[in-house]
Amino acid sequence: MNAYEEAAADRDIQDAGKPKRIVLEVAGLSTAYRNRSVLREVTFAVPEGELVAIVGPNGAGKSTLIKSILGLTPTLGGEAKAFGETIDAARKRIGYVPQRESVDWDFPTHALDVVMMGRYGRLGWFRRPGRKERAVALECLRGVGMEAFAERQISELSGGQQQRVFLARALAQDADLYFMDEPFAGVDAATEKAIVELLRKLRADGKTVIVVHHDLATVPEYFDSVLLLNVTVQAFGPTAKAFTEENLHRTYGGRIGFAGAGAAAAASGRQDDPAPRQDAVHTFQGGGRL
Amino acid sequence: MMDFWILLTGSLAAVSCAVLGCFLILRRMALIGDAISHSVLPGIVIAYMFSGSRDSILMLIAAAFMGLLCVFLIQWFNQRGIQSDASIGVIFTSLFAIGVVLISLNARQVDLDLDCVLYGEIAYAAWNTLEIGGVGIGPRSVWLLGGALTLILAVIGLFYKQFKLCAFDPLLAAALGIPAALFHYLLMGLVSVTTVSSFESVGAILVVGLLVIPPSTAYLLTDRLGRMIAISAACGVLSTFLGFLLAVWLDASIAGCIVAAAAALFAAAFVLSPKHGLMAGRLRRRRRSLEGAA
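Listed in order, the protein sequences are those of chains L and C.
Take the first sequence: its letter number 173 is residue 173 in my numbering, and every next letter is one higher.
To convert a position in the second sequence, counted from 1, into my numbering, add 1000.
Just so you know, the hints here were simulated from the structure itself, not pulled from any lab data.
Owing to the predicted nature of the structure, the values given are computational and were not obtained by experimental measurement.
Built from N, CA and C at the ideal position, the CB exists for glycine as well.
Don't take every hint at face value.
[Unchecked claim] Coverage of chain C stretches by chain L, computed from C-beta distances (three or more under 8 Å per stretch; other residues unrestricted):
hint, region
1, 1150 to 1161
2, 1172 to 1186
3, 1209 to 1223
[Unchecked claim] Residues from chain L that keep clear of chain C, each with C-beta distances beyond 10 Å, as calculated:
hint, residue
4, Ser-37
5, Ala-45
6, Lys-201
Generate coordinates for the entire structure from the input sequences, incorporating the hints supplied.
Here it is, written out as structure tokens:
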């Protein structure tokens, strides 16, 4: 029994014997890029209704992990299953938010149209998006507070608004398991708040969300569980148990000073405004759920 | 009547190129279009050597195959550490060179004029009519290009949402289970077919102008993909008419004038576009500085 299962067992007792179903199982996943190992033997399992953060230094393979699970990049070995099925069989129940920078925001289209793209998987080969898809997309835009920007050309949106359009598109996928690649990267405070509220609402609806996250300071506040990744899994489990100074040390290696997690947060790439982060990091020892 | 057929031939080629070109430039693949248009040459020559005719379906198939081979090789080398622009340059010039060598080797047996392949001969294309039961039914090139355009519109129309998503966000497309590789090669195959059916009219060199310039013009004038395709097609047709008039007036190469006209339309859009144009940008800046002053 690893730390994760122990904690899950603890929670099961608290939840009056409602054992949680495992919705994602990843076993021995490995990938390489030009003879360099990017992921080695990554194994973990996520129970239903959890918000899970994937954190690690740059080049740790966080985005690659998501892409390998979803079959978007070739793997050397290992497998991933969602809801007990292969990923291909479960695609209609899986939502994905790629990194905002991965697309061209000068593309000639508007916000509502981007959100409708989330419905394409359900339309099959030949059906075109129609009035129903439009209504769903508008509802999803409303869910992220962007309904006023539906007809706006996407290049005219701010970074935070673009991120919200991406989240609305994921909502339009109407999935049970979501993968989000750095949704908090470079967004304004209002958008960050909107995303956190959205994550909590998804969890309240029984959805599971796996988020690549770069801001160590907010991990304990936002996430139930954390996967510390640096090519291999360094630690995985409930945030209270896995998000420790020792584990962060191991994950971030030489880049983290004796100052501990605060320095790790700085090493993770965001150098701005270190003071509140220190405070926030210290609270993680108290740990726990939102 | 001759003028009519020339204009129809040119317009059909221009519209085919303009529609496909939109997806190429949005995927940042304008140079792939150039590469395909050159690398179909060996396909054309080999098919010509086997069939002895330049009207065969074999030629279309061979050219489409070479176009796909070119795209495949570019990706293959790119994945093995060759820079993508170098990879494009190496592959398409190599294939084109093979085509040129094959033409010159077979110059005596093969009635395939290198100048015609490179620069096109739209007037000749319009002369070469097709007959059924002794009745002329118009130039072969019109039927060929009409067929290609119908194919393109049918495929793009049928799979519009897939092509759009693969162009905007290929990662999401793959995550949704849309076979992105299939649609990639489908698009490349269509570009190959268009190129080979247009080469008689505008030639292998200028066809890339029709693939890239009208979509780039349209891109400046709208911010919806559907409208971009329509405007691009309209620009293609307008370029054909303007280019033809210019060619008649100057007594110059028709294909050259068509592409020059397309370039002139692009320049006009670049200066005058209400959103992205130079004038609009200057006006915006002035208004902002005036507001700042006030």
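Hints the structure fails to honour: none
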